[in-house]
Amino acid sequence: YLTMKDVDSAITSLWITTPLVAVFYFITGFAGLCIFAIYSDCDPLTAGEVSRRDQLMPYFVVQSLSNYPGLAGLFVSGIFSAALSHISATTNSMAAVTLEDYIKPVYKVVCKEALPENRSATLTKILALVYGVLCILIAF
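Here our numbering is used: the first residue of the sequence shown is 1, the next is one more, and so on.
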């Protein structure tokens, strides 16, 4: 919450975010309960239809939405969208933390002045790119 202009803005942000996160957790838990209820008498994991537990949700979606063209694809695109959004936010956060906590203090000590804003923006973009490439390399 360092990006907020004051404490009141941070508190307002928390009041808005907390119910949304609670709704998200409720929906996620409800989806798990639905899967449990549907597969309570026939476990796809023990039947060999899926090989890992994390495949149950996609299996459920494909099985239950196969009669409606495009909905399974919409679900998959939603998963990819959420993953890319999370990776983007994480990469930008790491770049911002690196700039604020490491580069700016060192620059101030070495150059005896604050880092200019245009250089900060450029460095943040470069750091985000470097962290993105590192994430891709670590994945392989």
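I should point out that these hints are in silico values taken from the structure, not numbers from a laboratory. Some hints could be false.
[Stated by the list, open to error] Pairwise CB distance ranges (calculated):
| hint | residue 1 | residue 2 | range |
| --- | --- | --- | --- |
| 1 | PRO58 | MET4 | 34 to 42 Å |
| 2 | GLN55 | THR18 | 30 to 38 Å |
| 3 | ILE79 | PRO19 | 18 to 26 Å |
| 4 | SER85 | VAL7 | 24 to 32 Å |
The C-beta atom is built at its ideal place from N, Cα and C for all residues, glycine as well.
Hint by hint, which ones does this structure get wrong, listed from lowest number up? Of the numbered hints, all hold.
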